[in-house]
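Sequences listed follow chains A and B, in order.
For the numbering used here, count along the first sequence from 1 and bump the result up by 307.
For the numbering used here, count along the second sequence from 1 and bump the result up by 307.
Just so you know, these hints were derived from the structure itself, not from any lab.
Please note: incorrect hints may appear among the correct ones.
Since the list gives no way to pick out one identical chain from another, each pair is judged satisfied if it fits inside one copy or across any two copies.
As the list claims (entries may be wrong) - As a list, the in silico DSBU-like pairs of lysine-lysine whose alpha-carbon atoms are at most 35 Å apart: (1) K316 / K350; (2) K332 / K526; (3) K636 / K350; (4) K526 / K508; (5) K526 / K350; (6) K332 / K316; (7) K350 / K332; (8) K592 / K508; (9) K316 / K636; (10) K508 / K332; (11) K592 / K332.
2 protein chains.
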Amino acid sequence: MNDPTNDWKRVLDSHRLPEPVYVTKPTMPDLGRYTQELESLWKTGWLTNQGCMHQDLERRLEQHLGVENLSLFCNGTIALLVALQSLRINGGEVITTPFTFAATPHVLHWNGVTPVFADIDPHTFNLDPARIEQRIGSNTRAILAVHVYGTPCDVDALQTIADRHGLAVVYDAAHAFGVRYKGQSILRYGNASVLSFHATKLYTTIEGGAVVASSQQHKERVDFLKNFGIADEETVIGPGINGKLNEFQAAFGLLQLETVDQEIAQRAALARLYRERLETLPGLKLLPHNKEVTPNHSYFPILIDEAQFGISRDALYQALRDCNIVTRKYFHPLCSHYPCYAALPSARPENLPVAERVAQRILCLPIYGSLPPETVGAVCDVIGAIHRAAVAS
Amino acid sequence: MNDPTNDWKRVLDSHRLPEPVYVTKPTMPDLGRYTQELESLWKTGWLTNQGCMHQDLERRLEQHLGVENLSLFCNGTIALLVALQSLRINGGEVITTPFTFAATPHVLHWNGVTPVFADIDPHTFNLDPARIEQRIGSNTRAILAVHVYGTPCDVDALQTIADRHGLAVVYDAAHAFGVRYKGQSILRYGNASVLSFHATKLYTTIEGGAVVASSQQHKERVDFLKNFGIADEETVIGPGINGKLNEFQAAFGLLQLETVDQEIAQRAALARLYRERLETLPGLKLLPHNKEVTPNHSYFPILIDEAQFGISRDALYQALRDCNIVTRKYFHPLCSHYPCYAALPSARPENLPVAERVAQRILCLPIYGSLPPETVGAVCDVIGAIHRAAVAS
Chain A
308 MNDPTNDWKR VLDSHRLPEP VYVTKPTMPD LGRYTQELES LWKTGWLTNQ GCMHQDLERR
368 LEQHLGVENL SLFCNGTIAL LVALQSLRIN GGEVITTPFT FAATPHVLHW NGVTPVFADI
428 DPHTFNLDPA RIEQRIGSNT RAILAVHVYG TPCDVDALQT IADRHGLAVV YDAAHAFGVR
488 YKGQSILRYG NASVLSFHAT KLYTTIEGGA VVASSQQHKE RVDFLKNFGI ADEETVIGPG
548 INGKLNEFQA AFGLLQLETV DQEIAQRAAL ARLYRERLET LPGLKLLPHN KEVTPNHSYF
608 PILIDEAQFG ISRDALYQAL RDCNIVTRKY FHPLCSHYPC YAALPSARPE NLPVAERVAQ
668 RILCLPIYGS LPPETVGAVC DVIGAIHRAA VAS
Chain B
308 MNDPTNDWKR VLDSHRLPEP VYVTKPTMPD LGRYTQELES LWKTGWLTNQ GCMHQDLERR
368 LEQHLGVENL SLFCNGTIAL LVALQSLRIN GGEVITTPFT FAATPHVLHW NGVTPVFADI
428 DPHTFNLDPA RIEQRIGSNT RAILAVHVYG TPCDVDALQT IADRHGLAVV YDAAHAFGVR
488 YKGQSILRYG NASVLSFHAT KLYTTIEGGA VVASSQQHKE RVDFLKNFGI ADEETVIGPG
548 INGKLNEFQA AFGLLQLETV DQEIAQRAAL ARLYRERLET LPGLKLLPHN KEVTPNHSYF
608 PILIDEAQFG ISRDALYQAL RDCNIVTRKY FHPLCSHYPC YAALPSARPE NLPVAERVAQ
668 RILCLPIYGS LPPETVGAVC DVIGAIHRAA VAS
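Next comes chain A alone, as it looks inside the complex (with noise of 0.2 Å):
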């Protein structure tokens, strides 16, 4: 009658969710709007190549995020890779973080950079500067750094550590649209910034990203590189790329614009409902509040410690799973961990100790601006079933 396997299989049958929820969705524009922006692509056949379209959302999305020079992309790791290109980042190391998403140590890979890994910070489990100089060399170029979930790197202590060694510092600022951070948008920092528009995002062009770059001539170079380095019809610059947005993505870029305001408010309150709800449960630990920072909600993670929770992040997961709620270890394994990363001397675990625990404990729970308050509430519920059932076991 007590046995715990039968308790357990009770506490996840009456708790399972009649339909499977998704960690993000996309907020779809008005179709008939859409539609509408797409007859006039239908008059000129001008389907990509810097169309007007691109155009007007290359300033609007300047405007919005309060900064200039501002490149679009077809994805944010292409504008990653010409970003580093931009400012010839083609070779020796650079410093970078092992808790991200594939694309930040390919994107060195492909510009001929060997990635040098450092520690992260437990709290922000952003880049921790009290790790990288220990990492510098005579062959370090740059550091490649990450707003991790949009939370601000310690931006200051990274230009100080830049500045007297005499590297670039490049941020992939994927997770960060529309953060600020004392009173200025986070994407002003360093020599560049890139965003990704993936449709996971959310803002999004479907697949889409962008270079903010430090000047206009910059900026000029980044638009030669992502058309092939063609600088006029006779003349090409350097070995470029294709990197061009079409009128498609620009087009739904533009409506989305129109509520990502409403999207990141939305989110804001269900990330407040996560945290009224979780943040007493033993064994949870969630992100940090900084009052210097304009958050965007992008993700929600919680980090698990299986002695006072009860059970791991893995077994959470697959619990929450059964209940038909989808999860994602983000960002687990982590690119030190990746077979063609983990030779090299910097991925060993014992020089990345909080990396590696934090990768072992996160998880990312459902967050998008269509996410009904009550489904937040039903996963905040299973959680806090799961925890009792665990520990009373």
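Using the hints, position chain B against chain A.
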């Protein structure tokens, strides 16, 4: 009264077209039907990452083209980049043609390969097999050949050379959609072929491209690499990239596929018209016929011999522009002239005499399905009048 400048001006004035005619223009599907296709995306919110339409388009393209193992890409450049990576062509030297679009040598750069330029055949404008062997050294990894204007390379000769020296052969088939050679798709030759579906191509997915791999295992590797090297949730097999084609592009491609045979037939009729009118004009050379080839008429290039025609290619280009006819010097300059490649030993003009001569004389005339035959007639009238005025002056 008999001032030749006035005669020349009179010729241009009397032949100017009322509206500009461009070298190409995409044939658009019905907007209503396109919107219908989009409705399913609005229902599911699945906008990219190997969606249903992406899967459907891969299957249908394979059927249409008569190939297997086709993988869609966001553009042809990233497709070519990944095709090389999938074959581990990631260092040393690769023999290629200087008479091509910038993307061809640039993808070698991105894979850490030094391009070695070899001269072209004076009739097909493709890599001349007789020029390849003298360029092969101990660091040579592969031959990257281009089916320029859709004209098949001498695939048998290239394969013989490759086999003798243990080299891979990759075909840039950006121009070669639907081309058949000896009764089968030209895409079936070599270790991989790469298509472009850019808006300027006869078949388009707005931006887009594809790799045709040589086996199912090869396609699987290509598919991993275009999605960051992700093999499954826990495994990243290598430093891949984001090469994903989104569902909006796939939907466009599905509709384009219904009309592409008609597009080619219309182009064939226009090409016949051009040929009838231009092949008797002194100083113009057209592409040769080859009975073993089913062509796609993706371009209509002419080669201008200044001594016989009366004026140079550059002068004809400008005169046509003055008459509202926009042609393209495709490909001028040669890739071996780009500052980033000009210092290579193989880039010396004296090593590439045929390519140098062709690049100075080539001009691509307007051709696309919806171009009225009368406009082709008018273009031919202008060219004839310019010739007569030029030889008379």
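Exercise for the section: Pop the pair K316 and K636 into one bin, within, between, both or neither, using alpha-carbon distances up to 35 Å. Expected result: Within one copy, since 23 Å is at most 35 Å while 71 Å is not.
Exercise for the section: Using 35 Å as the alpha carbon limit, work out where K592 and K332 are close: within a copy, between copies, both or neither. Expected result: within (25 Å within a copy, 57 Å between copies)
Practice task
State whether the alpha carbon distance between K592 and K508 is at most 35 Å within one copy, between copies, both, or neither.
Solution key: Close inside one copy (23 Å), not across copies (53 Å); limit 35 Å.
Exercise for the section: Tell me, please, which holds for K332 and K316 at an alpha-carbon limit of 35 Å: within, between, both or neither? Expected result: Answer is within; shortest intra-copy Cα gap is 29 Å, inter-copy 62 Å.
Handout entry: Intra- versus inter-subunit Cα pairing at 35 Å for K332 with K526
Key = both (32 Å within a copy, 29 Å between copies)
Practice task
If the cutoff is 35 Å on CA atoms, where do K350 and K332 land: within, between, both or neither? Let me know, please.
Solution key: Classified as both; 32 Å inside a copy, 11 Å across copies.
Handout entry: Within, between, both or neither, where K526 and K508 count as close if Cα-Cα is 35 Å or less
Key = Both: 24 Å inside a copy, 28 Å across copies.
Practice task
Could you figure out if K636 and K350 sit no more than 35 Å apart (CA to CA) within one copy, between two copies, both or neither?
Solution key: between (46 Å within a copy, 27 Å between copies)
Problem - Homo-oligomer pair classification [K332, K508; C-alpha up to 35 Å] - result: both (9 Å within a copy, 33 Å between copies)
Problem - Within, between, both or neither: K526, K350 at alpha-carbon 35 Å - result: Classified as within: same-chain Cα gap 30 Å, cross-chain 38 Å, threshold 35 Å.
Problem - Status of K350 relative to K316 across identical chains (alpha carbons, at most 35 Å) - result: between (60 Å within a copy, 33 Å between copies)
Checked against the numbered hints given earlier, the structure satisfies every one of them.
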